[in-house]
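J.: So you can see what is in the structure, the chains are spelled out below.
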Amino acid sequence: MPENALPKLEVKTALAAASGNAAPLIEIKKLSLFYGQAQALKNISLSIRERVVTAFIGPSGCGKSTLLRCLNRMNDLIDGVRIEGSVRIGQHDIYAPDVDVIELRKRVGMVFQKSNPFPKSIYDNVAYGLRIQGVKNKSDLDAAVEQSLRGAALWDEVKDRLHTSALGLSGGQQQRLCIARAIAVKPEIVLMDEPASALDPIATARVEDLILELKRDFTIVIVTHNMQQATRISDDTAFFYMGELIEAGPTQKIFTNPRQKRTEDYVTGRFG
Amino acid sequence: MERHFEQELAELKQKLLTMGSYAEKAVSDAVNALANRDLALALAVRANDKVLDQFELEVDEMAIRLLAKAPLASDLRLVTVALKLTQNLERVGDEAAKIAKRARDLSKEPPLKLQLELPRMAALAGDLLKRSLDAFVQKDPAAARALIPRDKEVNALHKQIQAQIIEHMKESPDHIARCLHLLVATKSLERIADHAKNVAEEVVYLCEARDIRHGGSKWTAT
Chain A
0 MPENALPKLE VKTALAAASG NAAPLIEIKK LSLFYGQAQA LKNISLSIRE
50 RVVTAFIGPS GCGKSTLLRC LNRMNDLIDG VRIEGSVRIG QHDIYAPDVD
100 VIELRKRVGM VFQKSNPFPK SIYDNVAYGL RIQGVKNKSD LDAAVEQSLR
150 GAALWDEVKD RLHTSALGLS GGQQQRLCIA RAIAVKPEIV LMDEPASALD
200 PIATARVEDL ILELKRDFTI VIVTHNMQQA TRISDDTAFF YMGELIEAGP
250 TQKIFTNPRQ KRTEDYVTGR FG
Chain B
0 MERHFEQELA ELKQKLLTMG SYAEKAVSDA VNALANRDLA LALAVRANDK
50 VLDQFELEVD EMAIRLLAKA PLASDLRLVT VALKLTQNLE RVGDEAAKIA
100 KRARDLSKEP PLKLQLELPR MAALAGDLLK RSLDAFVQKD PAAARALIPR
150 DKEVNALHKQ IQAQIIEHMK ESPDHIARCL HLLVATKSLE RIADHAKNVA
200 EEVVYLCEAR DIRHGGSKWT AT
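If you read the sequences in order, they're chains A and B.
Numbering that gives the first Met the number 0 applies: residue 0 is where the first sequence begins, and numbers increase by one.
Numbering that gives the first Met the number 0 applies: residue 0 is where the second sequence begins, and numbers increase by one.
So that you can see chain B by itself, here it is in the shape it has in the complex (with noise of 0.2 Å):
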């Protein structure tokens, strides 16, 4: 018979998967609607940030739940884990609503005739989400470790795209309005990947038990 405390944690991990799918879904609507200029796209959106904030406040009283029943060893660095996919996750959708905003005030706009990687950049964050939380499912930190470095070519796409775009306000001042906005949705794609890479570093110590955010920390790394 399963015990009722692994019953728990098994709903934990279930409601974190179901998190994660809308987290996905939510990017890739955001950069949709972005490329397509789909005004009703950024809106529902925009409208469905509030499904990933109640699973964050869903996710969070679940793992204090089990915290109080003193869970220990891979139960405990599960529902230390949760506690923090939650909270990136979360962040994933504010960031995706980010996106939405923008991609709502440029279909208002002309479009501008700007060469830029940003669907190369898009698909990068997009699969570096997807591919974390793989890793999560699959509980492979090999997967999650080589997805790591893979956040630097986003950064670097990030400042080429950055710099593409402040070029062209100088050239362009009366396209800065439109410009503004796209500086602001690269950097949210920038900031999805840093949360993804973060969701890889905690599948890490999920299977591991090493703390391999910032160099490592001492006692864990025995």
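The following block holds chain A by itself, in its conformation from the complex (with noise of 0.2 Å):
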């Protein structure tokens, strides 16, 4: 046998990655983003599947956190953005004339990097969403403000102190706040932009299982920079790499025999 070691491991197979059976819920096709001349997606078609949580990898500036605030139309927000394609939520264009985007919002919520509990009490935290939309019944919030916090398994820890503010919780306990704050108002996606890379390990694990139980409700998509994050919790992966998506398929695929050179490149390592 040679002594030398072994030349460098290369997949040898393109395989189609098959994206399971689910129907979609959300269908990108041909999606650019604009920042004035400076192009930051280029004509992205992906299917996202319902009640499945999907990640969003790539490197820093690869445009995975813009395509999700795709998802909800943050990126109106910002001037001097345009863009072309179409995301289709269900039947709906969400970029169509006549869509309100406060509506679509509510359809489709958001978690942040950082947790931003607003400075009220923790009840009125999660009050917050459904007041605006006018719910006013004392007993209704009650209850809406109990099964989110069960829902974002927080309700034990703080059952006994509703009413002080949302600012003494730890920061895993802030970030589980705003889960639940996100999840009142009875959203059907959940979009979540490196919601634990802010926590401790202990923190963090609460917040991948909550995430793993939302799913049988929610659709989730996720950005991370953690692939052990997105390994553990996702079951769908998308691959970014400037501006462009590069392959998505079954997260046990994407991790285990990528097809593209580029995502197995970023998976172990060996990046740039």
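These are computed hints drawn from the structure, not numbers from a lab.
Backbone N, C-alpha and C fix where the C-beta goes; we use that ideal spot for every residue, glycine too.
In the DSBU-like style, the derived pairs of lysine-lysine whose C-alpha atoms are separated by at most 30 Å in a straight line are: (1) A/K214 to B/K68; (2) A/K260 to B/K12; (3) A/K260 to B/K83; (4) A/K260 to B/K14; (5) B/K107 to B/K186; (6) B/K68 to A/K113; (7) A/K260 to B/K68.
Computed spacing ranges between beta-carbons, pair by pair: (8) B/T17 to A/R261: 29 to 39 Å; (9) B/A67 to A/D75: 41 to 51 Å; (10) B/A67 to A/N136: 50 to 60 Å; (11) B/A141 to A/R50: 39 to 49 Å; (12) A/Q36 to B/A67: 45 to 55 Å; (13) B/A67 to A/E156: 26 to 36 Å; (14) B/D104 to A/R261: 51 to 61 Å; (15) B/A67 to A/Q112: 22 to 32 Å; (16) B/T17 to A/P200: 29 to 39 Å; (17) B/D126 to A/K28: 52 to 62 Å; (18) A/P200 to B/P118: 51 to 61 Å; (19) B/I63 to A/M241: 32 to 42 Å.
The two chains are supplied separately, each in an independent frame; assemble them into the complex guided by the hints.
T.: Written out as structure tokens, the structure is:
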């Protein structure tokens, strides 16, 4: 046997990524996004299945968070943004002129990297969206707050101090409170932009467990830089690079046998 | 600059290759000890089995250390394949030691006058092991796949030799003790070919991420 070490490994097969059988809830077609002259997303087409967790991965600046924000039109808030192509949620093109963006954001909730509770009580944070929707009845609000806090696996920790400030919670609890606030208005889809990146491993594990629970009721799209997190919680994964979708498919396939060399290089940390 | 992680992966591969060469040598020495009634060589093979046991422990430890660093894609496949290869190679060593033990005992008895295809079977099993390890070195899944059906040739020879030995035992009951030694050695050669086939299957998984054992699993066969 030769004494030299093995040459570098290659993935020799080009296997089609199967996306499973569930009907897609979100259909992104030929989506491009420009910040002025700069193109941040390039002709992206991607289907996102209902009630599964889809992870967006890729190096910083690859467009994954930009694409996430396209799904509830958060980019509308940025000056100079121009979008081509379409995003359909169910039967509706969310970029159609007659779309009510407020209604859209009720259907598509969002949780950010840094927890951002309002400087109000725990109760008021969770009830906030419902009150805006016109829910006034106290027993309805009480029930919804409890249900949302239970759904976010926070109820047992806060049930005795619902009317104290949310800012007194730990970082991990604040992030779960933000998830409770997002699900209180019963969206169909929850977008999460690195929701656990500022949390310690124990708080991260709780948020990850929560995400796995939530997918029974919600479709979840999560941006993460943590490859192991993507393997732990997502069913499907999409890899982006420089504004392009390089590869999408079942998470297990992306992380054991990606089709594209760029995906392989990224997930094994040999990028660049 | 090569990253520490890649350096550790390279060390793991190197360790496996060294272990593979020891396993090959153990088989060829055991077969030679049996064929040439070489007591000293038989004793050496048995003593050297501890070396392969030690390799197994070391490769396992390296692989577990690498798994804790959460490898993915081809790195993940290499580490999991390493865990399986090392187990197969250690068992090849065990089988070689069994052959050596029988060679030791037979060397103290008068030779049996039996026309068996044992040398051919030994050559086939040894060749399968060598080629499966070559396929690992060359990352050659096609070569690995080509080896898999050849295990059946070894199985057929095993059956044929077994039948001949049993027939001889019926005819010459006073040869039974020596025949039993030969039966065990033949079985060990058959097992060595099985382990070589396992190595070949792991090479296919390493290169193609297809699990072809037992007819293949569903999700890797997309």
